[in-house]
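Colleague: The residues making up each chain are set out below.
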Amino acid sequence: MIQHVLMPKLGQTMEEATVARWLKKEGDPVARGDVLLEITTDKATLEVESYVSGVLRKILAREGETLPVNAVIALVGDPEDALPADLEALRTPAGVAGAPSGAAPQAAQTPATLMAEATTQPAVGKIFASPRARRLAAEEKVNLRLIRGSGPGGRIVEADVRAHLERLRQTRSTPAARALAYERGVDLTTLHAEGRITKAQVEAAAPGAAPGARRVPLSPMRRVIAERMSRSKQQIPHFQISMDVEMRAAVALRTRLNQEGPVRIAFHDMLIKACAKAFAEYPMMNAVWDGDAILYRSEIHIGLAVALEEGLTVPVVRHADRLSLQEIARESARLIERARNKRLTPDEYEGGCFTISNLGMFGVDSFVPIINPGESAILGVGRIADRVIACGDAICIRPLMNLTLSADHRALDGAIAAKFLGRVKALLESPEELLK
Amino acid sequence: MPEIYYWEAIRDALREEMRRDPRVFVMGEDVGIYGGAYGATRGLYEEFGPERVRDTPISENTIVGAAVGAAMMGMRPVAEIMYMDFMTLAMDQFVNQGAKNRYMFGGKTTVPMVLRTEGGAGRGIAAQHSQSLEAWFVHVPGVLIAIPSTPYDAKGLLKTAIRGDDPVLFVEHKMLYNKKGEVPEGDYTIPLGQAVIRRPGKDVTVVSYSRMALVSLEACNALAAEGIEAEVIDLRCLKPLDIEMVLASVKKTGRLVLVSEACSEGNAVNEIAMRVNEHAFDYLDAPMVRVCAANVPIPMSPVLEDAAIPNKERVMAAVRQLVRG
Numbered sequence: 080m081i082q083h084v085l086m087p088k089l090g091q092t093m094e095e096a097t098v099a100r101w102l103k104k105e106g107d108p109v110a111r112g113d114v115l116l117e118i119t120t121d122k123a124t125l126e127v128e129s130y131v132s133g134v135l136r137k138i139l140a141r142e143g144e145t146l147p148v149n150a151v152i153a154l155v156g157d158p159e160d161a162l163p164a165d166l167e168a169l170r171t172p173a174g175v176a177g178a179p180s181g182a183a184p185q186a187a188q189t190p191a192t193l194m195a196e197a198t199t200q201p202a203v204g205k206i207f208a209s210p211r212a213r214r215l216a217a218e219e220k221v222n223l224r225l226i227r228g229s230g231p232g233g234r235i236v237e238a239d240v241r242a243h244l245e246r247l248r249q250t251r252s253t254p255a256a257r258a259l260a261y262e263r264g265v266d267l268t269t270l271h272a273e274g275r276i277t278k279a280q281v282e283a284a285a286p287g288a289a290p291g292a293r294r295v296p297l298s299p300m301r302r303v304i305a306e307r308m309s310r311s312k313q314q315i316p317h318f319q320i321s322m323d324v325e326m327r328a329a330v331a332l333r334t335r336l337n338q339e340g341p342v343r344i345a346f347h348d349m350l351i352k353a354c355a356k357a358f359a360e361y362p363m364m365n366a367v368w369d370g371d372a373i374l375y376r377s378e379i380h381i382g383l384a385v386a387l388e389e390g391l392t393v394p395v396v397r398h399a400d401r402l403s404l405q406e407i408a409r410e411s412a413r414l415i416e417r418a419r420n421k422r423l424t425p426d427e428y429e430g431g432c433f434t435i436s437n438l439g440m441f442g443v444d445s446f447v448p449i450i451n452p453g454e455s456a457i458l459g460v461g462r463i464a465d466r467v468i469a470c471g472d473a474i475c476i477r478p479l480m481n482l483t484l485s486a487d488h489r490a491l492d493g494a495i496a497a498k499f500l501g502r503v504k505a506l507l508e509s510p511e512e513l514l515k
Numbered sequence: 017m018p019e020i021y022y023w024e025a026i027r028d029a030l031r032e033e034m035r036r037d038p039r040v041f042v043m044g045e046d047v048g049i050y051g052g053a054y055g056a057t058r059g060l061y062e063e064f065g066p067e068r069v070r071d072t073p074i075s076e077n078t079i080v081g082a083a084v085g086a087a088m089m090g091m092r093p094v095a096e097i098m099y100m101d102f103m104t105l106a107m108d109q110f111v112n113q114g115a116k117n118r119y120m121f122g123g124k125t126t127v128p129m130v131l132r133t134e135g136g137a138g139r140g141i142a143a144q145h146s147q148s149l150e151a152w153f154v155h156v157p158g159v160l161i162a163i164p165s166t167p168y169d170a171k172g173l174l175k176t177a178i179r180g181d182d183p184v185l186f187v188e189h190k191m192l193y194n195k196k197g198e199v200p201e202g203d204y205t206i207p208l209g210q211a212v213i214r215r216p217g218k219d220v221t222v223v224s225y226s227r228m229a230l231v232s233l234e235a236c237n238a239l240a241a242e243g244i245e246a247e248v249i250d251l252r253c254l255k256p257l258d259i260e261m262v263l264a265s266v267k268k269t270g271r272l273v274l275v276s277e278a279c280s281e282g283n284a285v286n287e288i289a290m291r292v293n294e295h296a297f298d299y300l301d302a303p304m305v306r307v308c309a310a311n312v313p314i315p316m317s318p319v320l321e322d323a324a325i326p327n328k329e330r331v332m333a334a335v336r337q338l339v340r341g
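These protein sequence lines are chains F and W, in that order.
The first sequence runs 80 to 515 under this note's numbering.
The second sequence runs 17 to 341 under this note's numbering.
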């Protein structure tokens, strides 16, 4: 019997995921519990195990493809089972009997999205081509933009696509060059080479190519970061407030704790603790814009931005207000380790109320962070550096650290943000309170 | 194989079925002693007598109503409406009774009748005697429509229509009665709903029926000299419609020309275009094209009549334009 492998729902807010890598290939035997593939959600890379045993008959979701939850991504069955006729229809949750109805609206958009990606054009403007020509071009991976139509009004007809294919057949190129030419809209027939046309030549001939430039396709994580940050910057009315914190006591406390205890305390742990305490004292801060209402949350989960080679991720220290500084330190160290290995589970990155982003270790004095969508505020943390300041009527040198808070003005106002940030500053300047 | 006229093929079908089955009888205006306005019942009165070849008054509603009733009582009437234009007078009996009774009575009755009529222009007999109204009946679930272009099809389809249990509108064409064609002697039938390829081709599909199927064939044979290989499909029936054959051909050629002698608005071929759109859109290499009559009452003047309906040259021009761009 042919059984469906569905895109799993691995978190409350997960609506879709991208296929990162197949670990099994078509024809491989599969046992229940075997890891079939890795998927990337907007937060992490996760493994998908098979719930059934048999042979992996058909992979329906290609690597890099994004599909909604409950879409059929593969078929497992006996080698002699006949495959269903309309494989494409299976890829949308609507095509699966008994799929949760909640997934359906998402499904309706999916084929269009896939289609749009499959026919990405290098330039704008509508192409007039007959349905038959479009069908053939899609099958043969021909970029219609390169073809001059001979039909009425310049419409591209089947014969034009066939003529182009014939010219391509007479052009010797590597498969990679051909694929890239399709993607970037480069006409291989215009390139000349001693032997085969290579990918590098296509790269150089691509529209907008700069000498020596390298074009890297988006990783799933990069795509998610781009989408979320664009959405945040475009939709959330950010405002910023900034304060300098005098860190002499905090530095001393940290040094002492790290000499005494087995748990290594990082500055970000002190920040998490301070922010969690301030959140508990100003519950109004734990607000998030929800379209036609403001949602006030009671639980305090603090996210910490972790830089990775290909981007960043934000693991969440849950119930940070209930944890001691040492517990926070242990938890954040564990989460950072898992984040760097891309092994965070949804429970470890979802549901944050607030994000702390620390660039002090890179020598940054101060910066203005962008809010992580789903939250209402983010704290940008600068380096701790000795500064000359006024102490009463004298001049003295103290270690200062800049904190810049970006907040969503739909949900929060300047006064509450200022009180909150002032409290964080006070806690760090009298850090013994962090041990309570 | 002997060549006979279209009218003879119809007469032969009637005669053979009346000999075969005593329930089959013929009625209509001038079908008896006169032998039918276009001669299709000639000789039947002499062979079968006034009981089975009944001349009726000029009363279309009564002719069709009596046929529906007789069919429900177990007879197999073949009624004739002299001109399709006069179907207007018999619409209630045919559409509301003949087409519906099998369904209204939950299958406890059937209406095994054939309603012969003829349509089309070509004789200069003006707007009330030249119409092609088959599309009206395409819109009526419960009836079948045969609309043959050749003597062979006329005989084989009429026999099937008489033997079937559903009401069949059998549409002849006034300009075809005197066309000859090969027809084997003796009994044969053609199933309703099977189109036929009159001419295979790869460049364009031309779909038509009745007299226009012959006009289309003539046009496409001439186009072969210009290097255009058109595939000509004669539908033979409009209900059931052999859409599979049309789709298969369109998938091969990528182009479709629909030819009909009826006016283009609400034409029966519009339905074919919609089905192709639904099932073979991705195979189309150009917009589908119709060659139909102008949306005017058919004029009496022979010159204007010819201008109002498709002819060989206009079909050729449309196919050429579609293939050559």
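In short, the hints are calculated from the structure, not lab data.
Ideal Cβ placement from N, Cα and C applies to all residues, glycine included.
Where hints are given, some of them may not hold.
Claimed, not checked - Label-pair restraints from in silico Cβ distances:
(1) W:Arg340 x F:Lys421: 44 to 50 Å
(2) F:Glu142 x W:Glu281: 48 to 54 Å
(3) F:Ala161 x W:Met120: 42 to 48 Å
Said to hold, decoys possible - From the structure, some residues in chain W lie toward chain F, with a derived Cβ separation under 10 Å:
(4) Asp46
(5) Tyr50
(6) Pro157
(7) Gly270
(8) Phe297
(9) Asp301
(10) Ala310
(11) Asn311
(12) Arg336
Colleague: Compare the structure with each hint and give your call.
Modeller: Going down the list of hints, with the structure as the test:
1. Our hint of 44 to 50 Å for Arg340 (chain W) and Lys421 (chain F) is violated, since their Cβ atoms are close to 59 Å apart.
2. Distance hint check for Glu142 (chain F) and Glu281 (chain W): the Cβ-Cβ separation is about 53 Å, which falls inside the suggested range of 48 to 54 Å.
3. Judged by the Cβ atoms, the range 42 to 48 Å given for Ala161 (chain F) and Met120 (chain W) holds: they are separated by roughly 43 Å.
4. A distance limit of 10 Å between C-beta atoms decides the matter here; for Asp46 (chain W) the minimum to chain F is near 51 Å, and the interface restraint is violated.
5. Nearest Cβ of chain F to the Cβ of Tyr50 (chain W): about 53 Å, over the 10 Å cut. The hint is violated.
6. At a threshold of 10 Å, the smallest CB-CB gap from Pro157 (chain W) to chain F is about 29 Å, leaving the interface hint violated.
7. At its closest, the beta carbon of Gly270 (chain W) sits 5 Å from a beta carbon of chain F; the interface hint therefore holds under the 10 Å criterion.
8. Here the hint on Phe297 (chain W) is kept, as its CB sits about 5 Å from the closest CB of chain F, short of 10 Å.
9. Hint on Asp301 (chain W) holds. Least Cβ distance to chain F is approximately 4 Å, under the 10 Å limit.
10. The beta carbon of Ala310 (chain W) is not positioned within 10 Å of any beta carbon in chain F (closest approach about 23 Å), and the interface hint is therefore violated.
11. For Asn311 (chain W), the interface hint is violated, the least distance from its beta-carbon to any beta-carbon of chain F being 24 Å, above 10 Å.
12. Here the hint on Arg336 (chain W) is broken, as its CB sits about 13 Å from the closest CB of chain F, past 10 Å.
When held up to the earlier numbered hints, the structure conflicts with 1, 4, 5, 6, 10, 11 and 12 and fits the remainder.
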